[in-house]
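There are 2 protein chains.
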Amino acid sequence: MALIVQKYGGTSVGSVERIQHVADKVLDYRRQGHDVVVVVSAMSGETDRLLGLARDINARPEGRELDVLLSTGEQVTIALLAMALEGRGCPARSYTGAQVHILTDSAHNKARIRDIDGARVRRDLADGRVVVVAGFQGVDEHGNITTLGRGGSDTTAVALAAALKADECQIYTDVDGVYTTDPRVAANARRLERITFEEMLEMASLGSKVLQIRAVEFAGKYNVPLRVLSSFQEGPGTLITFEEDGMEQALISGIAFNQNEAQVTILGVPDQPGVAWRILGPISDANIEVDMIVQNVGADGTTDFTFTVHRNDYDKALAILQGLPEKLHARQISGDPKIVKISLVGVGMRSHAGIASKMFEALAGEGINIRMISTSEIKISVVVDEKYLELGVRALHDAFELESPQQGR
Amino acid sequence: MALIVQKYGGTSVGSVERIQHVADKVLDYRRQGHDVVVVVSAMSGETDRLLGLARDINARPEGRELDVLLSTGEQVTIALLAMALEGRGCPARSYTGAQVHILTDSAHNKARIRDIDGARVRRDLADGRVVVVAGFQGVDEHGNITTLGRGGSDTTAVALAAALKADECQIYTDVDGVYTTDPRVAANARRLERITFEEMLEMASLGSKVLQIRAVEFAGKYNVPLRVLSSFQEGPGTLITFEEDGMEQALISGIAFNQNEAQVTILGVPDQPGVAWRILGPISDANIEVDMIVQNVGADGTTDFTFTVHRNDYDKALAILQGLPEKLHARQISGDPKIVKISLVGVGMRSHAGIASKMFEALAGEGINIRMISTSEIKISVVVDEKYLELGVRALHDAFELESPQQGR
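As given, the protein sequences belong to chains V and U, one line each in that order.
Per this note's numbering, numbering of the first sequence is gapless, rising by one per residue and ending at 409.
Per this note's numbering, numbering of the second sequence is gapless, rising by one per residue and ending at 409.
It should be emphasised that the hints constitute simulated quantities derived from the structure, not laboratory data.
Keep in mind that a hint or two might mislead.
[What the hints assert, rightly or not] Covered by chain V, according to a simulated footprint, are these stretches of chain U (three or more residues, beta-carbon under 8 Å):
| # | segment |
| --- | --- |
| 1 | 15 to 25 |
| 2 | 79 to 88 |
| 3 | 95 to 106 |
[Stated by the list, open to error] If the Cβ cut is set under 8 Å, some of the chain U residues that face chain V in the computed set are:
| # | residue |
| --- | --- |
| 4 | L50 |
| 5 | I57 |
| 6 | N58 |
| 7 | P61 |
| 8 | E62 |
| 9 | E65 |
[What the hints assert, rightly or not] Derived, one-sided and incomplete: chain U residues facing chain V with beta-carbon distance under 7 Å:
| # | residue |
| --- | --- |
| 10 | L69 |
| 11 | T72 |
| 12 | Q75 |
| 13 | V76 |
Every residue gets a Cβ at the ideal spot worked out from N, C-alpha and C, and that includes glycine.
Whole structure, please, built from the sequences with the hints as guidance.
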């Protein structure tokens, strides 16, 4: 007998039939004796329909009113799911974000959760009800409806699980778990039984878009065991938890990659204090997000500086640098929009030497030239020509034997 | 400079274009220096769409969850209208029923308003905003979403107008006012400049379905001047107020009729205490609403008893009476589903004799046989064969010269 918070996304509740299916799944857990709180998104397509209406009315709708509008999407789903459960003889009760006091800041369209009052939910659970909560939405201290931004239902589920001290937070999606890499790139990619929060954060931010990063951060912060499962097929999914003592930890959990980056390079700038700021200040002022930053130690009093940005921002970033007074006294400003980043992620690498060299060896074996390298505690990222993406991912997947659960121990 | 509460129904906000049109109308009033609070319904068709979803999920959805679902309809409209106003540079803010504390009882799907806290609305008006409120919905003392039942947006508007002590409550609809009778029946029917609350109640309950009865009762109770106007054409509409001292009052305001009634007659029941209760008790226990009731003084210790019910309930009512033990000792139980009720309504008749006889004379002149007569302070109703409906209404409209504003003074 456990308390489980489940979250079903838009595709999982995309039609009357699928909502009935979700009700069946919830009922299964109830029959096993568990208490269940369900968080749902808007039915797929609904948010876009509402956004379309808004755009037809006002090209730049105010954030507050957009939230009033969009929050109806989840409200429809909670009512329908509660009805489906009641129709199965299972007492259920639906709540909007405001009704269970999901208190957020006032940043409309991208609000952050501050606090949740779990009292009402706990009372319903004690009364034997399934509680259905609208994801993605909350209320600010003035009673205004807020939304957490797209995909925010994951965060709602995790925050509720934390507030209720749930035993597990299950995120149902259209994939059956987290994979060692994208199966479309490496056919022998394997579903992970478990992965740590840190690894998941590195995987997610690097492009394996299974879960919202904020939800994973939240889960890690409040130590909520998180499980990613498919709502369309049976299976245990992937459990995301903290590293356990004595747990035999895989060396490498997976290979993430990002195809949306572009590289900007400044060669031969004077190697003086403040150079990084002079370069990146104007970039950040233009609201361009920078991902990797690599600065090489240079010769003869100058240094080389390279960073990556989203491809959409490449031209803008280049223009900004070339428009700077004296062009930073750089010898050359150049770049390449056709690069990819490939990253090896695994908490196991912390305690194992030689991972980096094995990685570079595998890439070299395929004749892949590495342009940039950046490392963190549990991640090694390289930037290579975009044409090497598939080849590089597969070479690394094979080299670290990720197709086998016994890899690298 | 006045405070005006306006209510726009589903047809008036049925599309993006119509919402833009409503925004233009609101802005007109703002430009004239008025403070405006707008109450809106769900876009036409939306409530039916949501009901369809609910029915596909659960043939008998719980009232609480139905209210969570249906209340999204108005919530979409308030956001869109606020966006349309903001798009015109007019500061606006939308509120759900819960957000402005439209406190109701807990009778889901047919809740009644208990209290409204106007403080938040007043603050916004003082800040120069137009306030847009979702009609038809409220919140009970436990924070559950409630709805007032179909058409309840009129009641929301009137209740808000009362709470805010508004100067006028304007109900925009698809007709341009209240008419002396249905123009489809009498082509010379005339729009009334004004009508009293009492007359309006008699007109509405008798079949001139312009306004929700509850809204009129509410407006009368709190003395809120109510105006019915068209949202599609310009014009002053019809003002519904209390009878004013010294106001030259028309003798007759209008002729209402009801084609949905059926007559049930019990002949020759023993004329004893309790006979009415023995007849109507079982009818009311079966949730059948009774409209007119007429009991004649009978001869030889028996009496005759006739009442009318909705035609849909006719067979059921007849079966109940015939199924009663000893059939009430009645000589005969019979009925006729093909009757209509025609009513003459006017506060002026209170102080004028001879209205009834003039009415009966006009009907007799057309050879129309009267089956039942029932009178109140400001109304005389007759039941006739349904084939006489048009003939009877036109004869009365002509006899009382209702086509002319100077009638009967």
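Here's how the hints hold up against the structure:
1. 15 to 25: As far as the segment 15 to 25 of chain U goes, the hint holds, because 3 residues have Cβ atoms under 8 Å from chain V.
2. 79 to 88: holds (count 7)
3. 95 to 106: holds (count 3)
4. L50: holds, 7 Å
5. I57: holds, 5 Å
6. N58: holds, 4 Å
7. P61: holds, 4 Å
8. E62: holds, 5 Å
9. E65: holds, 5 Å
10. L69: Nearest chain V Cβ about 4 Å off; hint holds.
11. T72: holds, 4 Å
12. Q75: holds, 5 Å
13. V76: OK, holds: V76 (chain U) within 7 Å of chain V, min 5 Å.
Taken one by one, the earlier hints all hold for this structure without exception.
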